[in-house]
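Novice: Read off the chains here:
Number of protein chains: 2
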Amino acid sequence: MERPYVVGIDIGGTNTVFGIVDARGNIIDSGSVKTQTYLSPDKYVEDVCKNLLPLIEKNGGVEKIKGIGVGAPNGNYYTGTIEFAPNLPWKGVIPLAAMFEERLNIPTALTNDANAAAIGEMTYGAARGMKDFIMITLGTGVGSGLVINGQMVYGHDGFAGELGHVCVNRQHGRPCGCGRKGCLETYCSATGVARTAREILASHTEPSLLRDVPAEKITSKDVFDAAEKGDEIAKEIFEFTGKILGEALSDFIAFSSPEAIVLFGGLTKSGDYIMKPIHKAMEDNVLNIYKGKTRLLISELKDSDAAVLGASALAWELKDL
Amino acid sequence: MERPYVVGIDIGGTNTVFGIVDARGNIIDSGSVKTQTYLSPDKYVEDVCKNLLPLIEKNGGVEKIKGIGVGAPNGNYYTGTIEFAPNLPWKGVIPLAAMFEERLNIPTALTNDANAAAIGEMTYGAARGMKDFIMITLGTGVGSGLVINGQMVYGHDGFAGELGHVCVNRQHGRPCGCGRKGCLETYCSATGVARTAREILASHTEPSLLRDVPAEKITSKDVFDAAEKGDEIAKEIFEFTGKILGEALSDFIAFSSPEAIVLFGGLTKSGDYIMKPIHKAMEDNVLNIYKGKTRLLISELKDSDAAVLGASALAWELKDL
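From first to last, the protein sequence lines are chains E and Z.
If you count by numbering that gives the first Met the number 0, then the first sequence holds residues 0 to 320, one letter each, in order.
If you count by numbering that gives the first Met the number 0, then the second sequence holds residues 0 to 320, one letter each, in order.
Hints in this document: simulated from the structure, not taken from any laboratory.
Be aware that a few hints might be false.
Treat identical chains as interchangeable: a pair holds within one or across any two.
[To be verified] No farther apart than 25 Å at their CA atoms in a straight line, the calculated lysine-lysine pairs in the DSS-like style are these: (1) K90 - K290; (2) K242 - K275; (3) K216 - K57; (4) K290 - K180; (5) K90 - K292; (6) K234 - K292; (7) K228 - K33; (8) K180 - K242; (9) K180 - K292; (10) K318 - K130; (11) K268 - K220; (12) K49 - K63.
Model, not experiment: these values are computed from the prediction.
Produce the entire structure from the sequences given, and follow the hints as far as they go.
Specialist: In structure tokens form, the structure reads like this:
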């Protein structure tokens with residue numbers, strides 16, 4: 000293979016991680032810079048390149064690199080821009096893909112984090128070989144990436160697949176960061192689980208190990224640890240969260256009838272405590288013709304690598320400049 | 000053009016209508032048989048062909064026909080079969096596409112009615128030239144057809160796009176024919192509107208022109224006629240229906256971010272009474288990044304022709320046998 004590697008760049012609010020990746024999904028070299036410290040995107044791109052180029056040189060030079068894939072919040076695949084990302088230090092529309100391309104002379108594509116996760120899973124992970132699946136990322140928020148007919152779904156404007164903001168409770172829904180109410184994200188994100196924990200702890204008088212954790216610091220890991228010790232409140236938190244997610248998934252299936260739904264994120268580490276209620280609610284609520292057909296899977300990519308792998312996967316499709 | 004025509008066959012529970020269609024969407028000849036009278040699919044296919052062949056001969060013969068497209072309830076595009084269609088006289092799985100192909104030696108494709116409607120709209124109607132749109136058919140039930148990246152979405156099993164069975168009220172939803180509760184179809188289909196009319200008439204004491212219509216016979220046309228005469232109850236029925244549909248559409252947009260949503264069916268004939276509440280609820284509830292971007296359109300195909308045109312459109316893509 001003339002160009003055996005791709006570069007993945009994952010832009011997070013705190014850190015930017017980049018890596019050189021081979022066709023099997025091995026990260027053969029990697030580095031990082033602190034996103035937050037760059038008030039200007041020019042200086043940021045400059046420094047990422049300054050750190051990345053030595054890695055590229057070490058592994059055979061620019062001519063070994065097929066392309067660069069960038070995963071970023073509010074990334075738009077069509078335009079290669081980041082648009083009004085609330086958690087990044089740069090305001091407005093930033094043409095990041097073009098900036099990297101110009102600086103490095105390597106073809107560059109960019110998309111949002113959840114889409115990158117989906118492409119990563121399709122290229123190296125649990126969705127290898129699948130043409131129709133839905134990726135759901137359960138993190139600080141709830142993101143999603145859709146693959147239909149073997150293609151990422153970007154929609155007419157590049158912003159398709161915001162399933163974290165589908166409404167799951169229109170009457171009495173929790174307020175969401177997006178300004179609306181009842182979004183899936185307010186229940187099934189990390190903050191949603193903590194919120195559920197606080198609500199259930201407040202409305203019950205039973206003892207619970209979770210009462211030892213400061214309410215505003217409860218994570219799904221704490222809830223898992225408590226559940227492992229037989230804590231009933233902890234189990235109830237997972238039941239509540241899983242039911243809402245499973246019900247939502249049953250509606251997503253009616254949309255694209257996917258072969259699988261792949262879940263990614265900390266919440267999935269709680270194993271059967273969360274996966275069983277999700278699966279039960281999904282199967283209990285799905286339309287008859289879909290019953291038992293859509294597999295519920297957990298990401299096969301290592302947490303620490305997934306973002307860079309996902310971004311990198313975008314680059315295999317790129318054509319030479 | 001060597002093969003200037005396609006054939007569209009629309010299989011309904013009562014009638015089967017077929018027509019020969021040119022590239023501009025003109026039905027140049029058509030006929031029909033009574034679906035209900037055929038207990039055997041073999042005899043049915045035999046009779047459709049017996050009625051269709053003279054039309055084909057009259058218009059230049061089989062060599063002028065590029066293909067046959069069939070729209071049918073529970074039609075599966077991948078297999079060309081009708082599967083367990085509750086409103087058709089034939090039970091189990093019927094390989095209709097293969098049966099027509101064998102009998103006529105013309106390549107044949109088959110899909111469900113709502114998908115056919117979407118392809119028809121994309122080929123001859125309101126969605127010409129669009130690569131991302133959602134078709135919603137508002138009839139006895141609520142059906143849908145999705146086009147993403149310029150392709151019909153069939154899902155991994157051929158059954159994608161049952162948006163009439165997305166749950167819009169999980170707590171207190173109306174029972175649906177599918178056995179579940181709260182499906183969009185129970186509110187926004189013709190029967191759903193009639194049900195809303197009965198509920199609102201029963202819960203209000205105000206006079207209404209609709210009280211003159213037998214409750215079980217109320218149609219959206221009756222509600223429209225009453226609204227035109229200033230009937231407040233009639234307007235309230237449209238407000239209620241439109242709000243639920245618009246809210247659902249706002250969630251559909253978060254899935255595929257379509258350029259347009261195209262509505263088809265009797266309900267759309269009620270004009271602003273229904274379209275304004277739909278549009279308002281859609282824009283009020285959609286995630287910020289989508290606001291004002293997705294157009295809400297009404298089908299441009301004549302009701303009487305739409306089903307045959309939709310089915311026929313499927314055939315332009317067919318390859319010679």
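Novice: Go through the copies and call it for K234 and K292: within, between, both or neither, with a Cα cutoff of 25 Å.
Specialist: Close neither inside one copy (27 Å) nor across copies (42 Å); limit 25 Å.
Novice: How would you label the pair K242, K275 (within, between, both, or neither) given a Cα cut-off of 25 Å?
Specialist: within (9 Å within a copy, 34 Å between copies)
Novice: Given a CA cutoff of 25 Å, do K216 and K57 count as a within-copy pair, a between-copy pair, both, or neither?
Specialist: Neither way: K216 and K57 sit 43 Å apart in one copy and 78 Å across, limit 25 Å.
Novice: Which holds for K318 with K130 at a C-alpha limit of 25 Å: within a copy, between copies, both or neither?
Specialist: both (22 Å within a copy, 23 Å between copies)
Novice: Checking an output row: K90 and K290, CA cutoff 25 Å. Within, between, both or neither?
Specialist: between (45 Å within a copy, 20 Å between copies)
Novice: When no copy is named, should K228 and K33 be tagged within, between, both, or neither for a Cα gap of at most 25 Å?
Specialist: Neither: 38 Å inside a chain and 66 Å across chains, both beyond 25 Å.
Novice: How would you label the pair K180, K242 (within, between, both, or neither) given a Cα cut-off of 25 Å?
Specialist: both (18 Å within a copy, 16 Å between copies)
Novice: Under a CA distance limit of 25 Å, which applies to K90 and K292: within one copy, between copies, both, or neither?
Specialist: between (44 Å within a copy, 22 Å between copies)
Novice: Within a copy, between copies, both or neither: which one fits K180 and K292 at a CA-CA cutoff of 25 Å?
Specialist: The answer is between: 21 Å across copies meets 25 Å, while 31 Å in one copy does not.
Novice: Classify it for me, K49 with K63: is the Cα-Cα distance of at most 25 Å met within a copy, between copies, both or neither?
Specialist: within (18 Å within a copy, 64 Å between copies)
Novice: Can you tell me if K268 and K220 fall within 25 Å by alpha carbon in one copy, between copies, both or neither?
Specialist: Classified as within; 8 Å inside a copy, 54 Å across copies.
Novice: For the identical chains here, do K290 and K180 meet the 25 Å Cα criterion within one copy, between copies, both, or neither?
Specialist: Only across copies: K290 and K180 sit 16 Å apart there, 30 Å inside one copy, limit 25 Å.
In terms of the numbered hints stated before, the structure departs from hints 3, 6, 7, listed from lowest to highest.
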